[in-house]
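Protein chains: 2
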Amino acid sequence: MIADGPTKTYCHRRLNFLTSKFYLHEMLNEMAELKELKSVPHRDFYNVRKVDTHIHAAACMSQKHLLTFIQETYKTDSDRVVLEKDGQKLTLKQVFHCLNKDPYDLTVDSLDVHAGRHTFHRFDKFNSKYNPVGASELREIFLKTDNYMNGEYFASIIKEVAHDLEESKYQHAEPRVSIYGRSPEEWDSLSKWFINHKVYSPNMRWIIQVPRIYDIFKEKKLVPNFSKMLENIFLPLFEATVNPQKHKHLNVFLQYVSGFDSVDDESKHSDHMFSFRSPKPEDWTTDDNPPYSYYIFHMYANIMVLNNLRKERGLSTFQFRPHCGEAGSITHLVLLLTSDNISHGLNLKKSPVLQYLYYLAQVPIAMSPLSNNSLFLEYSKNPLREFLHKGLCVSLSTDDPMQFHYTKEPLMEEYAIAAQLWKLSTCDVCEIARNSVLQSGLSHQDKCHFLGVNYLKDGPEGNDIRRSNVAQIRMAYRHDTLCNELSFIADAVKSDAMNSQYD
Amino acid sequence: MIADGPTKTYCHRRLNFLTSKFYLHEMLNEMAELKELKSVPHRDFYNVRKVDTHIHAAACMSQKHLLTFIQETYKTDSDRVVLEKDGQKLTLKQVFHCLNKDPYDLTVDSLDVHAGRHTFHRFDKFNSKYNPVGASELREIFLKTDNYMNGEYFASIIKEVAHDLEESKYQHAEPRVSIYGRSPEEWDSLSKWFINHKVYSPNMRWIIQVPRIYDIFKEKKLVPNFSKMLENIFLPLFEATVNPQKHKHLNVFLQYVSGFDSVDDESKHSDHMFSFRSPKPEDWTTDDNPPYSYYIFHMYANIMVLNNLRKERGLSTFQFRPHCGEAGSITHLVLLLTSDNISHGLNLKKSPVLQYLYYLAQVPIAMSPLSNNSLFLEYSKNPLREFLHKGLCVSLSTDDPMQFHYTKEPLMEEYAIAAQLWKLSTCDVCEIARNSVLQSGLSHQDKCHFLGVNYLKDGPEGNDIRRSNVAQIRMAYRHDTLCNELSFIADAVKSDAMNSQYD
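Taken in order, these protein sequences are the chains called P and B.
Mapping of the first sequence onto this note's numbering: position 189 corresponds to residue 189, and the numbering continues sequentially without gaps.
Mapping of the second sequence onto this note's numbering: position 371 corresponds to residue 874, and the numbering continues sequentially without gaps.
No more than 27 Å apart at the CA atoms, straight line, and that leaves these computed lysine-lysine pairs for DSS-like:
(1) P:Lys408 with B:Lys662
(2) B:Lys604 with P:Lys38
(3) B:Lys538 with P:Lys125
(4) B:Lys911 with B:Lys628
(5) P:Lys21 with P:Lys350
(6) P:Lys144 with P:Lys192
(7) P:Lys423 with B:Lys771
(8) B:Lys853 with P:Lys423
(9) B:Lys911 with P:Lys159
(10) P:Lys38 with B:Lys578
(11) P:Lys75 with B:Lys541
(12) B:Lys884 with P:Lys349
(13) B:Lys541 with P:Lys144
(14) P:Lys423 with B:Lys911
(15) P:Lys38 with B:Lys911
(16) B:Lys604 with P:Lys35
(17) P:Lys125 with B:Lys541
(18) P:Lys125 with B:Lys926
(19) B:Lys852 with P:Lys423
(20) B:Lys926 with P:Lys268
(21) B:Lys628 with B:Lys604
(22) B:Lys541 with P:Lys101
(23) B:Lys852 with P:Lys381
(24) P:Lys101 with B:Lys672
(25) P:Lys169 with B:Lys604
(26) B:Lys662 with P:Lys169
(27) P:Lys350 with P:Lys8
(28) B:Lys524 with B:Lys884
(29) P:Lys349 with B:Lys926
(30) P:Lys159 with B:Lys672
(31) P:Lys89 with P:Lys101
(32) P:Lys408 with B:Lys926
(33) P:Lys38 with B:Lys596
(34) P:Lys93 with B:Lys541
(35) P:Lys423 with B:Lys884
(36) B:Lys672 with P:Lys408
(37) P:Lys38 with B:Lys628
Footprint (simulated), chain P over chain B, 3 or more residues, beta carbon under 8 Å:
(38) 532-546
(39) 598-608
(40) 901-915
Keep in mind that the hints were calculated from the coordinates and are not lab data.
Backbone N, C-alpha and C define an ideal beta-carbon position, used for all residues, glycine too.
Whenever a hint applies, use it, and build me the whole structure from the sequences.
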């Protein structure tokens, strides 16, 4: 369907229409929207809720923050054993001695975790930026949950980030932590880390990211086939759902987990074309990595079954919010069929049909233009403004403050740059912020509190301007426009049915 | 000269050459520069000194900061008399009552001091943004030095900004305050404000801005001719220089004043063409405003004479750092003849001869791309990166955080956006920061401390990489390139002289 000529023309024209219609709306109603906002007491862009809908836990602190944390830790903890390597136990002092570095002299330059010109279209270089000073030892010590110290340092630094969010009061984040599917013990270890170090924060929800690295585990003989990887990821969750008493830690942790992500470089090519003839997971025994769509389908299938089971038992369910459309084939974006929302969505630029479908279905998109600017697409070419104007449900997120941002307030930096460069109005940025809360994994209670009790209703009725600072004029415009597009299609289907009746 | 065809071609080609040469330098030396920076202990972009070289005191706080300050002040001071209007004394409560506003309900939206789409090419609208809630009363109460409370609130909020700078440790600012030339008492009032409220901060130096609004004073019959305005501005300074004991307050204040600025909308047209036939200031008695060049020349002449007098007596001297080349005729930029450095310089884009002269003479330019983006030139078209690459001495400054910035760290926001959008390297941003210290009015001792004791020397010798974090490779490149251009011209002049000798 996405390659069909007439469909492409139709969608392209509808999208152009949506753009022009918004400009007209803007010209006619901009001042009226602003007037509405000015009359809202005590609410402005600074105190509307904003959720960082896409942020990786291992890079959720700024480079300066990580540097200071390492230096402070060294001051008090240099004689502590922090790493076991080749059977040898090493203290923090010994680790730095091996690296031939004095923590006091470390700088953000020598830490070298910031992306730049050199990472553009080089996901491999970008990935290695996760290693402070280029040393995987420091990543292991400071940015992992399951190391020699059971991830104590990583928990501490995340709690500092959480503290900053709580101080800001109006900012929330959904950090993504990894489950690899290497062994079935990962869940236990992760939930113990969460509970023992009390990583809970009212301003944070958690997302589980699964890297698409079956080929690495297979090569190391950690798993015999793809099915085993899926089992390592999902079986513990089924067990915890069926027998919560036996898996107390995991059950507590799962209350704060809002969904799953699938991560890796989308531009990697795969020779296999996923179809109903593809091998079943237990038969995927080659050393090759399965393609993107194969991963996504099997994660989706497992999450669906798991959610149904959990719903039956009155337990929380999980969203599926994969990275999608950051690079690679546009067919990745077909997974709007399987996803609750996606991260990036840049490639929607290239497919009018998919873009229009994302609009019609209002599939939320967590966009990170500063991340894209360092990796895949220059800021000025980012489609975020265009998507927002057309009415796609976009939010702003940081992806990796450690690699991309400069100030102490990465999410505000992201909003500031978008607002400055694209000359967004206050109503625009507040609409993005509202979208971020809507598409986040925050609880129903939180959403009622942050957006108003009717937030699930469509159009202006669902908007409490005193909380969202989004003009009702804007809400009405969005609602009318969407209803119009939908009824257009409904009418076409109806008349088509009528015609065939008389055929 | 700036209109001469062959000269234009020559300069244009030299500038293109400089651009290409820098790209070559970058390609060949980028990694080597980075390696140099990585090996510098304890110094990175975050702890090199940065001076905000162009910032207006009345807008040096963020919009959110001003809002909070007004609300906090109202909580404790609502019954205080703060304004005298039409002979009536009004308390803060009464003022807000007249405006029909409750300070608790105020938001940044209703405060309405932020620039946006509506201020582009509308300097008039921009100017009115200085009035919180559109009310000149609030500007009078909170953002003036000589009001009913002798500027107590304005002093308090500036001290809060200074406190943030001191906390940051590595950030400095040179706020600009106004002397209008309306009456000779302005200096006394300003210096009393400075001393009585203890506005001094080690992280701040002061610049005096003179608005070009003779026509308004003339119309109100406050001054009979232009000479009287100049006298009001400069005579008190001559008197304080000749007789310091009689003007103690002013003399103390002048120790912290580093220079003068001339401000207003440069795009305003004037019918008068300044030349040696122009009327003398005492004969400028029409109601028309003199043109830009007339103002600049007469300010320059007065500052020169004043500086010579002060130098003789061992007193501090003043720089002349006017707004120039933000808009209007390119001929404004000819004032590199009269200025120590300029603010904006955007129009150098349009004149290769002037741009090349600014390069050769290394006239410092304080640029504010975010301000330009809201007023005169889109960010993507800003020439800052191009100027930097060619080797012009540019710094980054905020102009008006209240109107343009979003985060709590406006200067860092300015650097962050430039670094992100233009993919500047660490060496690039540190070079800009070093330029900002060099071109600032900080004392010689401060500059020795921040840049190294040899900072006045040319080339790598003058650079202490442990303080500036600018690679010596970069310094050598800049120095060689400039010497090369200069010797080119020297050679041409020499051979020209030789030729005429044999003519």
